[in-house]
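Trainee: The residues making up each chain are set out below.
Number of protein chains: 2
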Amino acid sequence: MARVYVHDVAVRDGFQIEPAFVPTGVKIALIDELSATGLAKIEATAFVSPKVVPNLRDAEAVMRGIRRMPGVIYSALVPNAKGAERALACKVDEINLVVSASETHNRANVNRTTEQSLSGFRDVMRIVRGTGVAVNGSVSTTFGCPFEGNIPEARVFQCVERYLELGVDGITLADTTGMAHPKQVRELARAVSTRFPTAEITLHFHNTRGMGLANVLAGLEAGVVRFDGSLGGLGGCPFAPGATGNICTEDLVHMLESMGYQTGVDLDKLLVAARRLPKIVGHDLPGQVAKAGKITDLHPIPHQ
Amino acid sequence: MARVYVHDVAVRDGFQIEPAFVPTGVKIALIDELSATGLAKIEATAFVSPKVVPNLRDAEAVMRGIRRMPGVIYSALVPNAKGAERALACKVDEINLVVSASETHNRANVNRTTEQSLSGFRDVMRIVRGTGVAVNGSVSTTFGCPFEGNIPEARVFQCVERYLELGVDGITLADTTGMAHPKQVRELARAVSTRFPTAEITLHFHNTRGMGLANVLAGLEAGVVRFDGSLGGLGGCPFAPGATGNICTEDLVHMLESMGYQTGVDLDKLLVAARRLPKIVGHDLPGQVAKAGKITDLHPIPHQ
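Protein chains in written order, with the working numbering: chain V, 1 to 304; chain E, 305 to 608.
No false leads were mixed into what you were given.
Okay, derived cross-link-like pairs now, DMTMM-like style, lysine to aspartate or glutamate, Cα gap no bigger than 25 Å in a straight line:
#, chain 1, residue 1, chain 2, residue 2
1, V, Lys294, E, Glu491
2, E, Lys487, V, Glu221
3, V, Lys51, V, Asp123
4, E, Lys395, E, Glu337
5, E, Lys595, V, Asp284
6, V, Lys291, V, Asp32
7, V, Lys291, V, Glu257
8, E, Lys355, E, Glu322
9, V, Lys291, V, Glu33
10, E, Lys487, E, Glu465
11, E, Lys487, V, Glu187
12, V, Lys183, E, Glu525
13, V, Lys279, V, Glu33
14, V, Lys291, V, Asp266
15, E, Lys595, V, Glu148
16, V, Lys294, E, Glu452
17, E, Lys583, E, Asp601
18, V, Lys51, V, Glu85
19, E, Lys583, E, Glu322
20, V, Lys183, E, Glu561
21, E, Lys598, V, Glu187
22, V, Lys294, E, Glu457
23, E, Lys598, V, Glu103
24, E, Lys598, E, Glu525
25, V, Lys291, E, Asp588
26, V, Lys279, V, Asp268
27, V, Lys183, E, Asp572
28, E, Lys487, V, Asp268
29, E, Lys355, E, Glu398
30, E, Lys487, E, Glu457
31, V, Lys183, E, Asp601
32, V, Lys291, E, Glu452
33, E, Lys583, E, Asp336
34, E, Lys487, V, Asp266
35, E, Lys598, V, Glu148
What the simulated footprint calls covered on chain E by chain V, stretch by stretch (three residues with Cβ under 8 Å from a Cβ of chain V suffice, anywhere in the stretch; the number is not a length):
#, segment
36, 514-527
37, 540-547
No lab work stands behind these hints, which were simulated from the structure alone. Since the model is a prediction, treat every value here as computed from it, not as a measurement. All residues carry an ideal CB built from backbone N, CA and C; glycine is no exception.
Isolated chain V, as found in the complex:
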């Protein structure tokens, strides 16, 4: 069976919206624990304004404090040239850029037009060039915008094209608020792969409407082999209190390994980390396998 690459974004995408700041030492310990599980990529932090995202104000300390495991890509989200300089100073392996396919969402998210965001990325690419650091271009709201609704396919193509012209190494199609459904994922992922056959595509899903792993299945059927998840399913949806956020990394790995895909991830180690996470954040998490156990975990026969 095919190799599938699993990325974890809990420390960035999850911790950034937690009500409480997670201490730097706890973040570092968790990333080190995740590094030892065999994950292909860890999004460790974001080099953004500490005023905008106070929970990630320790980006430098986190990146400098973690132990780098060979084979793991340590990625950081970067919004602009200043963030890129900070990230390079900390020797990240990869810079992750984000623009929304939706004009309205991009304005709401970063207070810029998508054109302003994409133009700004030229400065980032200039700074990164020659450093050996990779760049990934994420297209958020690819599968729908909470304000605009449907996003035309042509708009997604346009964003991908602009990223590839900039010279990025990978593209992430992100379902930012969990609006994707499997038919759409299968069709759009196939369409992007057909139009840009050399682009290395990652799919980033949220489980907001319960379709997260169904969308992964659809993505696999479209030939995609890279997926983002979040440990424990940490994260949430700003528009729906109580709704879940990102798909759960250990549930993702469990499904993939059950189906015979090779993820390179030690699921038992990942589950140890996942079961520790509710104590770190102080609340229950939506991940299922951490509660129910693996399908191979059998139970004693009850007495008759």
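Starting from the structure of chain V, add chain E where the hints point.
Mentor: Frame of chain V, contents of chain E only:
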């Protein structure tokens, strides 16, 4: 796009394991509410021993109290001849029989060998014959047994064959404790359909390891068009406190309708019922769409 038939089992499969007895009038009102949504089938109760399942001790009162909506099949679980007589006296539309593919699980569940269960069903068929009441044969632990682990495909075939010899009208392949994964579902559902081309197959999934809707997708790909769900995702797993149970009916309908399938279900009405359910049972439920809204529910643009 194809028609897909959605069944709800919350009032039986869900309420039976709730810590508190749900009053008969509340059950009847909920079934009546579900009847008006356009669901194809409602499993309304079980004619079992009130000592074994005290929560369903009001089976007669429930079946006699509900309003029958034309087009909806009102089904009841029946373990033996006595249960069948009780069910027929209440004019159910369908009797649902259950045997485990796993010998160990059947013993643990009903304290009989599978052979004893299947032989007993002959008496049920004799009682039902000529009444016009349909019979559905469920094979629980089809996709794995919590005690035995993997169930050989041949064993599932054997159970289906025995049911068909008995003269049942439909077969349900049930993933009783959420052990199915999409590859297995696709292969096994195809294999059963190929071997028994005239069998009308329903898939019954639990979301215990987060793969519920991914398994539905795999079932659709295998050509299955009938699925059980439970309103709100009500239910649970006896082996995993905190784990979810059945797949959530409204999340299932939401996914199917988003993908263009016709379910005949009024999702908005179903969501009204789902949002009322936590008050009935006194706890939060795992359903996502009731919390997050439909993917077509847009949000106001935030002020800049």
